[in-house]
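Asker: Starting from two chains that each stand alone, build the complex the way the hints lay out.
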Amino acid sequence: MDWLPYALLLPTVAFLSVFFVYPMVQALLISVRGEDGGFTLRHFQAMAQDTYFGDALRNSLVLTAITIPLQVALGLAIALLVNARFRGHEWFLYACAIPLGISDLAAGLIWLSVFTERGYLNAALRGMGWVSQPITFLSPEHPGWLYGAMIATEVWRATAIVMIVLVAGLQLIPKDYFETADVFGATGWRKLRYVTLPLMRPALQTALIIRTILAFQLFATVITLAGRIVPVLAGEAYFQYSQYRNPNVASAYAVVIMTLSMAITVIYLWLLRTRDVEAARG
Amino acid sequence: MTTAGRRALLGISVALLTAWVLVPLLLVAVASLTTRSQLYTWPRSIIPHPWSLETIRFFFRTQGVLESTERSLLVAVLTILLSVLVGAPAGYALSRFRFAGREGFRLAILATKTFPATILAVPLAVAFISWGLYDTLLGVAFVHTALALPFTVVITTTVFIGVPYELEEAAMTLGCNRLAAFRRIALPIALPGLAAAAIFTFVLSWNEVFAATILTVRNRTLPALVMNSVGALGSGAPLDYRFAAGFFMIIPALIIILVIRRYLLTLWGITVR
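Protein chains in written order, with this note's numbering: chain A, 1 to 282; chain B, 1001 to 1273.
Bound-form chain B, shown alone (with noise of 0.2 Å):
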């Protein structure tokens, strides 16, 4: 093939799959501003006239929307700060020290990885009846820094291989102990890559349906609630419910993707060897 024609047939292939991804999320956004009536009538017309904003409202003044984003993001930063405080120490053990068991635990955490919400969810609920956690956001954070903790421990991992362990010697050298050296040395140079950290464990926990489903009955997270009025059995939310809810659950992904790509690599390219 000739160069032109290799560089035509490239621009065409990325044209094409950047639109696949991209149109749906267009649609869904213009589906949110497009009032009710305009929704169900037919013929319908692709590009809403007039453009409202009435089917944002209604969502939003839906009973129980406004508290469970609320419960959402509580939930968000209760997982940040277990899956960090739990995790990042193992991620540092792991990026400083050799030592006897280091493969089988990073063997572990990448099985751990792949094992889905749909196994725990079920066992927990019951498990968490008893402990007084169902039906509460800690007890969903738990689950949600379960499924985080894989990530956490290997994104913590490269992030403290990057921070040369030289200075927190010479730290060490120069009369601190190995914890001054952490915190004055190592951390905030670490600060940016644990704050991608954070970030992906934001859209986990923020996009997690079956554990909060399963866990909550009143205490519903934004997720789970979205899932109740569209899963019940002989029941349906109006379609203006579900486009806005779709729009608005998708906003916090388009952002926060950006936000860490350069971490996207890190997170998931470990290859089981």
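This is chain A alone, in the form it adopts within the complex (with noise of 0.2 Å):
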């Protein structure tokens, strides 16, 4: 029966190979492909010169460096507080986690209620005698409130997966690590700093990894909050595509989604690989 566990992966391995291999390969050739077949840089040099394209880099990689810190450090705190085992510790962990099963679609009109110029924000700002008249919060004249929306939205939404990550990384850590601990007097702070966050080394790289390739897939919550205004990566491959009838520059935008993704997969990988020679020689 040796073949037995390669027919059960067969129809796994032929799928993907269809439905995954298949259209990353033709990403990359739909990018490159000119009319007449041949090779052509002509769709990535449209795509350079389009009016949104510089934006839409930086605000990706803006908005990526400053969700994803903020999303480690309220997972990584709510983690903590799941793995305290208080009374009641599994409804909190479900209610951190209800995002998890939320769309970046839906998180964006959940958030566009609040930071709308008729929405809560305004009202509870009014309700306290703060301002007499709407401001608008979500346009081009207010950058910091349109940034500070969409990250509110994020944090929000895509806390829930790095808690995940880190609780699931918590409990692989045996217990006797802590007992020692205390036997030798390590008390909150230190045991924290030093027992727990380093054993926590490849949860915190597996958060950050897939937190930061789904960062850049980051389009339907800052287009139900700020339309074009702020143009990202993958909202632009979706207007290319869905609006202008683009598939080559929309794939090319993949393309280069798909290089950042990858990229900063190895750096993690790589940052973590010079740790822990430095932990051994340490």
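No wet-lab data here; the hints were simulated from the structure.
Note that the structure is predicted; figures quoted are calculated from it, not measured.
Some hints here could point you the wrong way.
[Claimed, not checked] Simulated coverage check for chain B against chain A, where a stretch passes if three residues somewhere in it have a Cβ under 8 Å from a Cβ of chain A: (1) 1032-1044; (2) 1208-1218.
[Claimed, not checked] DEER-style ranges, computed between Cβ atoms: (3) A:Y194 x B:R1183: 50 to 56 Å; (4) B:R1006 x A:T136: 41 to 47 Å; (5) B:S1037 x A:Y194: 55 to 61 Å; (6) B:P1192 x A:L70: 34 to 40 Å; (7) A:V25 x B:E1070: 54 to 60 Å; (8) B:R1007 x A:T51: 51 to 57 Å; (9) A:Y147 x B:I1012: 27 to 33 Å; (10) A:P143 x B:W1042: 19 to 25 Å.
Idealized CB from N, CA, C, for every residue including glycine.
Answerer: And the structure:
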């Protein structure tokens, strides 16, 4: 029965080859194929010269760089609280996990109800007597508020996934380590700094990789809150394909997203590797 | 810090974080129970008076909403069937056999888990046009299956590891063949776990925006329909439509995350090693 496991894997491998590997290769091909079928960099040039490209690249990178540290900090805080096993911690975990089931689109619409001109934030500010006329938060005149609204939405929605990976990582740490730390008289902060965090490094790394790759997919949140005032890479892929019917340039955007995701994954893996070497030397 | 002080700090942190997650959900629920005229008046009160179903009714009466909800449900069911049929055998193989290439396969699955719909959707749209799958529900279901498969494989592996192989072996010594032993022993025990995998797949498909938007034109799923009416350049759906849509789309999530909360850690908690 040596062939049995391979036969069982075959459907998955075949399916992912057609619907996963093939489109990834195609994305590369479409982005460099000219009308005559030959190789061309025209689509990448068209993308680079597009009014929105520079801003989209910058916004994607900036939003990623701001939201991910916030998500990791908040996710870590929730994971440590859950791990404290207080009464009702299962319900706390459930509440914090709810956004896992919420799409970027729905999350954008939820926070739109807060930040829109006649939204809850303006209503609350007026209720406290701080404004008399509503502030248009989501407009080009208030870039800080625009960014703030997107960051709040992304942190609200996507901290859950970081938290789940970290809770799972915490559970893998054998209890003996903490007991030993207790025996040697380590207290709260030192235990966290010298025992918990180093042992959570693999989980943190996973969370960072997953979150960063997903961050470059960001599009519906941004479009629901800001339309195209704040262009992002995945949003431009959507506009290029859906509005301009230009699959080549849309593919060029997809290739940029893919390259960035891979590059950052490699950087995370490399950073961890060097840390391990230092730890071994240390 | 004293024990009492520490307990107070814990209580406050838990309360604040719970509020941070739950209050926006409550707000959008309230917004979708507020009439349109109140949503656009200033000064605006936070609590609607009167409460009203007008906004929700308006959303459901908007052209295409009911049809696209139906399509979303159909795509989700197709995705569940496809991903369990294709992925569960692989999960079973990983849980039962040690074989050459096992680790390589697991790594490949882990890598695909993080790969985004954004990259797949555009080239697949081009391919689907020539394959006759463009703008079809089956086409969307295929893409959602590709996105769900890594999770199906991971969760079914865990589920089958939880079913003792000794039971299947015992059935085989008692005269069952391998297939019968699986069908009569392992499968019934594994069913709750498989149900969790199915439910997770449902959420994934129900929520998926990008691929559905790119791959459909007339046969839009609900997120694709809403995305298009919100994201279309130069136009915009009214606020009441948006809030009701947001609220309606999250309802399944609230229930489903509750049902599968035991499996949440399994789904995402695999570390890259």
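Asker: Each of the hints needs a verdict: does it hold here or not?
Answerer: Structure-based check of all given hints:
1. 1032-1044: It holds: at least three residues are needed, and the region 1032-1044 of chain B offers 6 whose Cβ sits within less than 8 Å of chain A.
2. 1208-1218: holds (count 5)
3. A:Y194 x B:R1183: 50 to 56 Å: holds, 52 Å
4. B:R1006 x A:T136: 41 to 47 Å: holds, 44 Å
5. B:S1037 x A:Y194: 55 to 61 Å: holds, 60 Å
6. B:P1192 x A:L70: 34 to 40 Å: Holds: the Cβ-Cβ distance is about 36 Å, inside 34 to 40 Å.
7. A:V25 x B:E1070: 54 to 60 Å: violated, 34 Å
8. B:R1007 x A:T51: 51 to 57 Å: holds, 56 Å
9. A:Y147 x B:I1012: 27 to 33 Å: holds, 28 Å
10. A:P143 x B:W1042: 19 to 25 Å: Given about 24 Å between the Cβ atoms, the range holds.
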